[in-house]
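Colleague: Could you put the whole structure together from the sequences, leaning on the hints where they help?
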Amino acid sequence: MEAVEVIEGKVSVLDRADVDTDQIIPKQFLKRLERSGYGEFLFYDWMRDGEIELEPNPILLTGRNFGCGSSREHAVWALRDFGFEAVVAPSFADIFYVNCTKNGLLPVILDEEHCLGIAEAGEARIDVDEQTVDFAGGVVRFDIDEEIKHRLLHGLDDIGTTLQRADEIDAFERAGGADRGPVTTSL
Amino acid sequence: MPKTLFDKIWEPHEVADGLIYIDLHLVHEITSAQAFEGLRLAGRGVRRPDKTLATADHNVPTDGTPAARLIAEEMSRKQVEALEHNCEQFGVPVYSLGSGRRGIVHVIGPELGLTQPGMAIVCGDSHTSTHGAFGALAFGIGTSEVEHVLATQCLLQRRPRTMRINYAGGLGRGVTPKDLILATLGRLGTHGMIGYAVEYAGAPVRELSMEGRMTVCNMTIEGGGRAGMVAPDDATFAYIEGRPGAPEDFAAAVERWRELPSDDGATFDREVEIDASEISPMVTWGTQPGQVVEVTDPVPDPATMDSAPDREAAERALAYMALEPGTPMRDILLDRVFIGSCVNSRIEDLRAAASMIAGHRASGSVRAMVVPGSEQVKAAAEKEGLDEVFRAAGFEWRSSGCSMCLGMNPDVLGEGERCASTSNRNYEGRQGKGGRTHLVSPQMAAAAAVEGRFVDIRDWS
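In order, the protein sequence lines correspond to chains Z and C. Position 49, counted from 1, in the first sequence is what our numbering calls 31; the numbers after and before it change by one each time, with no gaps. Position 158, counted from 1, in the second sequence is what our numbering calls 1473; the numbers after and before it change by one each time, with no gaps.
Since the hints were made in silico from the structure, they are not lab data. Check each hint, because a few of them may be wrong.
[Unchecked claim] Rough simulated footprint, nothing fancy, chain Z against chain C, three-plus residues with beta-carbon under 8 Å:
hint	stretch
1	1349 to 1358
2	1363 to 1369
3	1426 to 1440
4	1498 to 1511
5	1669 to 1678
If you're wondering where the values come from, they're calculated on a predicted model, not measured in any experiment. By construction, the Cβ of each residue, glycine as well, lies at the ideal position given by its N, Cα and C atoms.
Modeller: Pasting the structure below:
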């Protein structure tokens, strides 16, 4: 994953609440075996029907509970492929939020009032380390988990990092922690 | 200090702060291909294939196609073949087409006895919350996390907040677990549970069968909840006993499991009280599961809604659904009925639906289909003669899979078709582009098929 430090530029606005991942990337595009090439299918039905128009700006600003529904990471791949580097919203669905952080797409949670301000300003500068969004209406701070921030700032590979802790996992398993649960290979 | 059910599962699974151990990892064809490819590219293996199980469910045809290589649709065929190949290469057991144990991943986990109290369970599917019905901590993850769990058997995870929903009273006649959860979503909204692990509690939940509890926990994600759970009890233990994955020393396991329910005095970050006796049969009218009313209500008027986002969402939903405010829900005419999906496709659901239609026929204007949750459910239903009941009533009887819940296989709604569906999502285009979905219980769906419109099953015979 590439490091994410500062995201700066124009803002695309999708003024809708509860946008689900079925809209972000419809089912017919989930049959591909790759992680890339989803950008042209972003919001496929809404874009094709002319219901919405979105420019591939660095920042997407949208409504509460963005990314609800299916766990499909294809939704994040599509947003990233399309050109978005950050999504700003009053809230995100949990699985979608995590999926964003695994792909260098920065999710920023801000209250409705500041979201409106950023939409009006039309451009913004987001500093991950400072945890700030700078726009014509002022500078506002956002919360982000320290661990997630660290991984984004350094573009860390989660799996590689966890595998460096294999000793801890080995010890946990030896202590009986892995005895719980069934054995799927002997059914 | 008194602990919650959640605490009692979370704490013993912490390998370290923020790193939890996974007891069971379920895998399917849609969200795993890129994860296996990631392992291959990095030269990594699957750490614990013996804690991993795969099946093909999302895009499989329901016409009885007996092997992956015979799937007519090319991309689906390639995806299922990729799953089989990946599982073979990495030593992961897989139940694919042709296996009598194949089925929807959230149906076969419990059915095989793999889903057990106290476990941490993940799957690259948002409806993994289903397994919480057994007093497990179970939640959906994305493909990057699937790869992480395959490689490490662990997951980086922040402790969620806890919520308990206390139901009082009892469910009335004709009111099902599906109505209980739909009414709860109507109350809390589709974002009301974000960030929470939710425990469903109270006598009305205790009285539910395991199938009913799975229905309730399944739709936790529709409220944005991280996980849904019900404390394990005798009903849980009786369901698991004798199944292939059940612990060898079952008595010892039950003794451990009995320690899991939340202690008296345990505190939750949020508690909600709901009177179950006030719940009626429910029908969704919009394009989110929380846009729901009682079957006896009319389509709501967005103008009466206080919050601007709710009002705007309702206006868009009504336009998509082609509904006018004030229209009685019971006047809405249907084209299709779908009985199936991971929320309502188990044997009890099929029995309930069949009991409504014995001696009736589906309306001539409705195409109705039943898709059992697994090959085992299908076989059990056929043994009881349920397939004959459905066929005699003019319903199609299909093979198992996710089917028209998400329309990744040939089972889809046509543009503008209106469907009473026992599934869990009524999003725009979910069951097919331009399709209009109303979520209901299996009993409501069956009765609606006969009448060609929604009926209040409490006064229908």
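Colleague: The structure should be examined with respect to each hint, and the outcome stated for every one.
Modeller: Going through the hints against the structure:
no., hint, result
1, 1349 to 1358, "holds (count 4)"
2, 1363 to 1369, "holds (count 6)"
3, 1426 to 1440, "holds (count 8)"
4, 1498 to 1511, "holds (count 4)"
5, 1669 to 1678, "violated (count 0)"
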